[in-house]
Amino acid sequence: MSEMNKAEFNSVTAEMLKVISDYDSATGFQGAYNIRQDSQCAGRRSSENITITSKTDKPGIDIRIKPGTKGETVYIPACVTHSDVDDLVYNDFYVGEGADVVIVAGCGVHSDGSETARHNGIHRFFLEKGARVLYKEKHIGTGKGTGLRKIDPVTDAYLKEDSYLEMDTVQLRGVDRTTRSTSAVLDKGAKIVVRERIMTDGDEDAVTKFKVELNGEDCGADLVSRSVARGNSHQAFYSVIEGNTRCTGHSACDAILAENGRVDAQPALNAANVDAALIHEAAIGKIAGEQILKLCSLGLTREEAEEKIIEGFLK
Amino acid sequence: MLELKELVWKIPDGDTIINGISCRLDSRLTVITGPNGGGKTSLAKLIAGVEKPDSGRLILDGTDITDMDITSRAKLGVAYAFQQPVRFKGLTVRDLLELSAGKKLSVGELCGLLAKVGLCAEEYIDREMSAALSGGEAKRIEIATVLARGAKLSVFDEPEAGIDLWSFAKLVETFEDIRSSTSGSLVIISHQERILSIADEIVVVADGKIRTSGKRDDILPLLLRGEFSGRCPAAAPQKNGGACR
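For the protein sequence lines, the chains are A and B, in the order given. If you want my numbering, it's the 1-based position in the first sequence plus 58. If you want my numbering, it's the 1-based position in the second sequence plus 356.
Just so you know, the hints here were simulated from the structure itself, not pulled from any lab data. Heads up, the beta-carbon is just placed ideally off N, CA and C, and yes, glycines get one too. Hints may be right or wrong, so weigh each one.
Below are the DSS-like pairs computed for lysine-lysine, each with C-alpha atoms no more than 30 angstroms apart in a straight line [what the hints assert, rightly or not]:
| no. | chain 1 | residue 1 | chain 2 | residue 2 |
| --- | --- | --- | --- | --- |
| 1 | A | Lys194 | B | Lys408 |
| 2 | B | Lys565 | A | Lys76 |
| 3 | A | Lys267 | A | Lys249 |
| 4 | B | Lys408 | A | Lys344 |
One side of the interface only, derived from the structure: several residues of chain A facing chain B at Cβ under 8 angstroms [what the hints assert, rightly or not]:
| no. | residue |
| --- | --- |
| 5 | Asp312 |
| 6 | Lys352 |
| 7 | Leu353 |
| 8 | Leu356 |
| 9 | Gly357 |
| 10 | Lys373 |
Here are some, though not all, of the chain A residues that point toward chain B, as calculated from beta-carbon distances under 8 angstroms [unchecked claim]:
| no. | residue |
| --- | --- |
| 11 | Val160 |
| 12 | Glu348 |
| 13 | Gln349 |
| 14 | Leu351 |
| 15 | Cys354 |
| 16 | Leu358 |
| 17 | Phe371 |
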């Protein structure tokens, strides 16, 4: 894959980019970016502080962020625009000491045919001492084809001393199958915050797996998953927080069920140190009747009330 | 003006909670009071449409609203502040106040609404109306959602519950302001003397019935006398004339 500056992509990608990475077709992306379309590079630009290069041994890119880089955003969207594509990509992020950046990922899979359209992104994050990253990821599935739309992201994060990673991930409808696997290993004083929102409908199936190892003193993890399962869809949430030292860990799984939706939640806390403070909360159920009553008392119909409650819940 | 005609409401296991209540709520500020378990909250729920009566009618400004659901009543101009505020994960104070007002609100407007219940808007507008708020905070926001509606008839179920003294004084002022500045009428369920003292009319409900009702100046002294005499003001009438007739 050659280094490119000009972005050239098809109309399906153009539509998806608007949704998954707030792409403005008039101004394009500001700063560094790499657009992946149907397993090819459809546009790339590095900036002075953020360098994007192709891997030589396997598909994917290395994103290197210089130490001390502040206030920059790098975009790395990936789109699969037709069926019969099985995209596999390895992206590695090296975030230099003291950097503070935003990474906007996001993935769209489109199928108009009967074959599967799949994107499998394997991401690794290496955060150096004191680095801070806000990682934003939005997933969608589009198209009327009968082929399954699948997105199976794997994220492995390594957080050095006092670094901070916040992952803000959203999947709202259209993705037929997804298995999201996220792991993190934390050194002293590091912190990971995960905010996951998933809505499934129809026959969709979503599985989320988290594993966090709290290895350095005073490190912490906060995992919050909010999900809505409608139609005949199914979701599963598995999380493991290992507290191996003095640390704090919190996970919360809140799910709303509608129609025949099903949700399994299996949170695990493994404390291997007397000063590991680990907490888990989980609540699964339909929308509380009193919530609907309250919004109806403001003049909303029952249906409008349910939509508002779900919209707020997944905001 | 809301007219209640022979309202009867039973809970599913058969106990009669509201047992033939008839009255006209046509003053600007009516306070419904009476002992716990007497049926006050049930009456408020029947007015708001949260519960439907087994028999009897409710007439709002000439329209029979008995068979209307809670949404239709709200659209017609009935607002209801729940005794126990409802919590939402995800909906912010701003979201709820905008849903109540039926439009987007400026920071100035949000500030005005929250100031009426003794809250500083900047601290609250973007907070979730979740269990993270204290009981008193949630209660004041609940009241603000009703103020935001500017409704024809606003029903408040024990607005004082869980509110600190300073905020309560502010709230009493707010009810007085509403009474003097808008055309809507207020029905407040309360045990508080401060609120009873600003009522135009007082209705005493006990055992699912109206024990007595009338102008504040006629009823309040009876209630207070009953309190100071150590006798429940809603106790059964006594031969020599007690608080309740």
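Evaluated hints:
1. Lys194/A / Lys408/B: Not satisfied, since the Cα-Cα distance of roughly 48 angstroms exceeds 30 angstroms.
2. Lys565/B / Lys76/A: Given that 30 angstroms is the threshold and the Cα spacing comes to 62 angstroms, the pair is violated.
3. Lys267/A / Lys249/A: Roughly 18 angstroms separates the two Cα atoms, so the pair holds.
4. Lys408/B / Lys344/A: holds (24 angstroms)
5. Asp312: Holds, because the Cβ-Cβ distance from Asp312/A to chain B comes to roughly 6 angstroms (cut-off 8 angstroms).
6. Lys352: With Cβ-Cβ at 4 angstroms, under 8 angstroms, it holds.
7. Leu353: holds (7 angstroms)
8. Leu356: holds (5 angstroms)
9. Gly357: The hint holds - Gly357/A has a Cβ within 8 angstroms of chain B, the shortest such distance being about 4 angstroms.
10. Lys373: holds (5 angstroms)
11. Val160: violated (21 angstroms)
12. Glu348: holds (5 angstroms)
13. Gln349: holds (6 angstroms)
14. Leu351: Holds, about 6 angstroms.
15. Cys354: holds (4 angstroms)
16. Leu358: With Cβ-Cβ at 7 angstroms, under 8 angstroms, it holds.
17. Phe371: Holds, because the Cβ-Cβ distance from Phe371/A to chain B comes to roughly 4 angstroms (cut-off 8 angstroms).
Hints 1, 2 and 11, counting from the list given before, are not met by this structure.
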